[in-house]
Structures are given as C-alpha cells and as structure tokens.
Amino acid sequence: MSRAQEIQEKLDLQAKLQLALSNKSSKVAAWLESSTDETKDRSKEIEDAKELEDSKNAFFNLPVVQIGSGLHFAYNETSKDDIHTIGEFINSDKKISSLSKKKKRNEPTDVRNDIYRIAKDDTKAMVALKRKMRHGQKMALRQDLAESVNKKTSVEPESRNTSNAKNDAHSSSDDEADMRNQKSTKKTFGLLFNGNKKRRK
40 MSRAQEIQEK LDLQAKLQLA LSNKSSKVAA WLESSTDETK DRSKEIEDAK
90 ELEDSKNAFF NLPVVQIGSG LHFAYNETSK DDIHTIGEFI NSDKKISSLS
140 KKKKRNEPTD VRNDIYRIAK DDTKAMVALK RKMRHGQKMA LRQDLAESVN
190 KKTSVEPESR NTSNAKNDAH SSSDDEADMR NQKSTKKTFG LLFNGNKKRR
240 K
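The sequence shown begins at 40 in the numbering used here and counts up one residue at a time.
Incorrect hints may appear among the rest.
Result set (BS3-like, lysine-lysine): computed pairs, CA atoms no more than 25 angstroms apart in a straight line [said to hold, decoys possible]:
{"no.": "1", "residue 1": "LYS49", "residue 2": "LYS63"}
{"no.": "2", "residue 1": "LYS177", "residue 2": "LYS190"}
{"no.": "3", "residue 1": "LYS169", "residue 2": "LYS159"}
{"no.": "4", "residue 1": "LYS95", "residue 2": "LYS134"}
{"no.": "5", "residue 1": "LYS95", "residue 2": "LYS133"}
Calculated from the structure, these hints are not laboratory results.
Please read these numbers as outputs of a predicted model, since none were measured by experiment.
Between the sequences and the hints, there should be enough to build the whole structure, so can you do that?
Written out as structure tokens, the structure is:
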C-alpha cells in the first residue's frame with residue numbers, strides 16, 4: 040500500500056468515526072432535551088395543580104351569608120350545626136335549613152351600651168319606642184335642671200345680702216368676666232343653606 044492510500048483510509052475512518060460520534064451525541068442531546076422538557080412540564084403541572092388547590096381552598100373558605108343577616112366572620116361554638124363557609128356547605132352533612140333560621144343578635148359588650156341606642160337591625164316600632172324613651176328621659180333631665188336652677192336662684196338673693204360688702208372689692212373683676220362672657224357668643228353667618236328655600240311655582 041502506498042502512503043497516500045494509507046492516509047486516505049485513515050481520513051475516511053476518522054470521518055466515519057466523527058460522524059458516528061456526532062450522531063450519538065445528537066441522540067444523547069435529544070434524550071436529555073426531552074427529559075428536561077418532561078421535567079419542565081412536570082414542574083409546570085405541579086405548579087398548576089398547587090395553584091388550583093390554593094384557589095379551591097380559598098373558594099371553600101368563603102363565608103356564607105345567612106338569610107336576613109350580613110357577613111359575620113366570628114365563628115360561634117354554640118352554632119356547630121350552622122353553615123358558615125362554602126366548604127362546610129359542600130363537604131358536610133349539615134342541613135341547609137340552618138341558613139334560614141333567625142339568628143339571635145349578638146349584644147355588644149360595650150361600656151356605652153344603653154337602652155336608648157338604636158341598632159341597624161331594630162324594627163321601626165323598636166326605633167320609635169327608643170326615641171320616645173330617650174325624649175322622655177331628656178325632658179325629665181331638663182325639668183330637674185330647671186327645678187335645681189329655680190332653687191338656686193331663690194337661695195341666691197339671701198346670700199347676696201350677707202356678702203355685699205365682700206363683693207364690692209371684686210365687682211370690677213366680675214364686670215370684666217361678664218364682658219368676656221358676652222363677647223364669646225357664637226357668630227353666625229348668612230349662608231345659603233340657612234335661609235328659606237324658594238318654592239317652585
């Protein structure tokens with residue numbers, strides 16, 4: 040064999056070897072690429088499933104509004120038969136009729152709570168009764184105040200006669216105090232909404 044043929048065979052063999060190696064590496068790359076695509080698809084599927092589960096849980100935790108009442112997020116231990124969330128409605132064997140039951144109103148434990156306070160769920164008759172009671176209480180307080188002022192004014196002239204000598208020295212300061220009281224009256228302005236409304240003809 041000549042040297043030229045030998046070199047040619049080696050070059051052909053090297054080319055075949057390179058072709059076989061490139062084919063193998065492309066196959067391996069395709070396998071790896073498909074496996075990375077599969078892992079990407081799996082991770083995306085897992086992420087989608089997690090997002091779906093989160094949204095389902097959020098939906099199941101939405102509150103159910105009872106008939107004739109507003110949203111109430113406090114869970115009472117006494118009302119275990121009641122349906123409070125959509126999840127309880129779907130997954131449990133609680134009766135739907137509990138939604139239509141009249142609920143007892145929770146009385147606020149506020150210090151300022153009194154019998155005259157009007158609540159938003161009071162009936163018209165109860166509101167009228169509370170207003171009437173409050174008006175009666177106000178009138179009784181005004182009458183008591185007027186009686187106490189009358190008693191005070193009837194006792195006051197007797198005490199003035201005994202202390203006239205003492206008050207002469209302080210009369211100038213009393214006059215100044217009276218002047219200040221007169222100056223502190225409320226100023227009013229002639230605004231548009233204070234005047235009489237014009238009627239249409």
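Results for each hint:
| no. | hint | in the structure |
| --- | --- | --- |
| 1 | LYS49 with LYS63 | holds, 21 angstroms |
| 2 | LYS177 with LYS190 | holds, 20 angstroms |
| 3 | LYS169 with LYS159 | holds, 13 angstroms |
| 4 | LYS95 with LYS134 | holds, 22 angstroms |
| 5 | LYS95 with LYS133 | holds, 20 angstroms |
Checked against the numbered hints given earlier, this structure breaks none of them.
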